[in-house]
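Engineer: Spelled out, the chains give:
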Amino acid sequence: MNTQVQNPVSIGHSRLLLVHKLYHKYAGMLLGYIFDVVKNETIAEQYLIAVFRDAIHELNEFANEDLSTFCYLHAITRKKLAEYFRDTTYHNRESYNSNNKYLRQMSFEQQFVFCGIHWQGKTTSSLAAELNKPEESIRKILKDCFTIIRNSN
Amino acid sequence: MKTQEYIESGILETFVLGVATEQEVKELLYMKAKYPEVNEALQQLENDMEKLARDLAVEPPSGTWYKIAQEINAVIPHQETAPQVFNRRDNYKQPEKETSKADQYIVVEGESSHMRLHKSWRWVFAAVFILGKIFLAFAIYFYLENKHTQEQIQELKTEIRLLKSK
Numbered sequence: 006m007n008t009q010v011q012n013p014v015s016i017g018h019s020r021l022l023l024v025h026k027l028y029h030k031y032a033g034m035l036l037g038y039i040f041d042v043v044k045n046e047t048i049a050e051q052y053l054i055a056v057f058r059d060a061i062h063e064l065n066e067f068a069n070e071d072l073s074t075f076c077y078l079h080a081i082t083r084k085k086l087a088e089y090f091r092d093t094t095y096h097n098r099e100s101y102n103s104n105n106k107y108l109r110q111m112s113f114e115q116q117f118v119f120c121g122i123h124w125q126g127k128t129t130s131s132l133a134a135e136l137n138k139p140e141e142s143i144r145k146i147l148k149d150c151f152t153i154i155r156n157s158n
Numbered sequence: 098m099k100t101q102e103y104i105e106s107g108i109l110e111t112f113v114l115g116v117a118t119e120q121e122v123k124e125l126l127y128m129k130a131k132y133p134e135v136n137e138a139l140q141q142l143e144n145d146m147e148k149l150a151r152d153l154a155v156e157p158p159s160g161t162w163y164k165i166a167q168e169i170n171a172v173i174p175h176q177e178t179a180p181q182v183f184n185r186r187d188n189y190k191q192p193e194k195e196t197s198k199a200d201q202y203i204v205v206e207g208e209s210s211h212m213r214l215h216k217s218w219r220w221v222f223a224a225v226f227i228l229g230k231i232f233l234a235f236a237i238y239f240y241l242e243n244k245h246t247q248e249q250i251q252e253l254k255t256e257i258r259l260l261k262s263k
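Chains as they are written, first to last, in the numbering used here: chain A, 6 to 158; chain B, 98 to 263.
In short, the hints are calculated from the structure, not lab data. Some clues are possibly wrong.
DSBU-like cross-link-like pairs, simulated, lysine-lysine; straight-line CA separation at most 35 Å [unchecked claim]:
| # | chain 1 | residue 1 | chain 2 | residue 2 |
| --- | --- | --- | --- | --- |
| 1 | A | Lys85 | A | Lys106 |
| 2 | B | Lys123 | A | Lys145 |
| 3 | A | Lys148 | A | Lys138 |
| 4 | A | Lys138 | B | Lys123 |
| 5 | A | Lys84 | B | Lys129 |
| 6 | A | Lys106 | A | Lys148 |
Okay, the calculated bits of chain B under chain A, using three or more residues with CB under 8 Å as the criterion [unchecked claim]:
| # | segment |
| --- | --- |
| 7 | 111 to 119 |
| 8 | 136 to 146 |
| 9 | 149 to 163 |
Label pairs and their computed distance ranges (CB to CB) [what the hints assert, rightly or not]:
| # | chain 1 | residue 1 | chain 2 | residue 2 | range |
| --- | --- | --- | --- | --- | --- |
| 10 | A | Glu63 | B | Glu102 | 32 to 38 Å |
| 11 | B | Arg213 | A | Leu23 | 18 to 24 Å |
| 12 | B | Leu228 | A | Glu63 | 50 to 56 Å |
| 13 | A | Asp92 | B | Trp218 | 36 to 42 Å |
| 14 | B | Glu102 | A | Lys44 | 19 to 25 Å |
| 15 | B | Gln101 | A | Gln51 | 39 to 45 Å |
| 16 | A | Phe67 | B | Ala223 | 42 to 48 Å |
| 17 | A | Leu22 | B | Ile237 | 52 to 58 Å |
| 18 | B | Lys123 | A | Gln51 | 31 to 37 Å |
| 19 | A | Lys44 | B | Asn170 | 29 to 35 Å |
Don't be surprised by glycine CBs; every beta carbon is placed ideally from N, CA and C.
Generate coordinates for the entire structure from the input sequences, incorporating the hints supplied.
Structural biologist: So, in structure tokens, the structure goes:
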């Protein structure tokens, strides 16, 4: 019978390796998202570091099947950016990434809703108030945005 | 609410973007567990999110992982504070072994097959490439020149032979 208990040092090391694997796979994707929000390379890198530093405490959650690994990391990133979203005045439409092929295919209203939620941290209720529409309509617009992303090559 | 109606409502989209309310999240997790169509639609949206993120990805600066590892190492347990490994053999007193040099190092095997280089190397590569082209041009020139000379020598030899025969 193996009576050897794993040393916390090796547990820590294996957790670090897991975070490294996550970093290797998703860091670029998350940094791209953060950069599109904060528009500053140094600040974006600082947020990325904060996300992966916190990820080590959430490794058990990644095994949870409620959300994919990327979406879970994205959720952590959004939590980290919450303060930034609160403190920053919203950009106007011109500040949206004009090189984004998905946004180019969206109407002004769709861009407003998708960018508002994804890159500016707005909620469906705040957008509903801004556009003077019910929340259901905002969700429908959001759904159409995802259909565009899905069908785009 | 019917399943298809639920999928079409856009709640799944708010969930993957992280703006669903607590009540909506609870309801969605229930629907996801109960209806495979909802689960499937959610997975598709997660793929869409990854697709969007992949297209807008930015390569992190080379030192970023080192900074993260340093910060993580500061919070995970260290050797000094770690409790001893429980091992039955420890119950029997054994003479303390001297730690070998090899034990003091951790073998690290890189996963990536790629290599990072400083940007200044691109000028070196460009210079090597241009020099390569120049040498190739010279080689072709001298080869043709040599061939031409050989032909001329051959012609002269023929002429001499003809003159001698006369």
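Engineer: Looking only at beta-carbon atoms, does the pair Asp92/A, Trp218/B fall within the given range of 36 to 42 Å?
Structural biologist: Since Asp92/A and Trp218/B have Cβ atoms about 40 Å apart, the given range 36 to 42 Å holds.
Engineer: Next pair to validate is Lys123/B with Lys145/A; report whether the Cα-Cα distance is within 35 Å.
Structural biologist: Status holds; Cα separation ~20 Å.
Engineer: State, for the Cβ atoms of Arg213/B and Leu23/A, whether the hinted interval 18 to 24 Å holds or is violated.
Structural biologist: holds (22 Å)
Engineer: Hint says 52 to 58 Å; check whether the CB-CB distance for Leu22/A and Ile237/B agrees.
Structural biologist: Since Leu22/A and Ile237/B have Cβ atoms about 53 Å apart, the given range 52 to 58 Å holds.
Engineer: Taking the beta carbons of Glu63/A and Glu102/B, is their distance inside 32 to 38 Å?
Structural biologist: holds (34 Å)
Engineer: Starting from Lys84/A, check that the Cα of Lys129/B is at most 35 Å away, please.
Structural biologist: holds (24 Å)
Engineer: If you look at each residue in the segment 149 to 163 of chain B, do at least three have a Cβ nearer than 8 Å to any Cβ of chain A?
Structural biologist: holds (count 12)
Engineer: Please work out if Lys85/A and Lys106/A have their alpha carbons no farther apart than 35 Å.
Structural biologist: holds (27 Å)
Engineer: Would the pair Lys106/A and Lys148/A pass a check requiring their Cα atoms to be no farther apart than 35 Å?
Structural biologist: At roughly 17 Å apart (the allowed maximum being 35 Å), Lys148/A and Lys106/A satisfy the hint.
Engineer: Tell me if chain A covers the segment 111 to 119 of chain B under the three-residue, 8 Å CB rule, please?
Structural biologist: holds (count 5)
Engineer: Taking the Cβ atom of Leu228/B and the Cβ atom of Glu63/A, is their distance within the range 50 to 56 Å?
Structural biologist: Taking Cβ atoms as reference, Leu228/B and Glu63/A lie about 53 Å apart, which means the hint holds.
Engineer: Count the residues of the segment 136 to 146 of chain B whose CB lies closer than 8 Å to any CB of chain A, then report whether that count reaches three.
Structural biologist: holds (count 6)
Figure legend: structure checked against the earlier numbered hints; the only hint not met is number 14.
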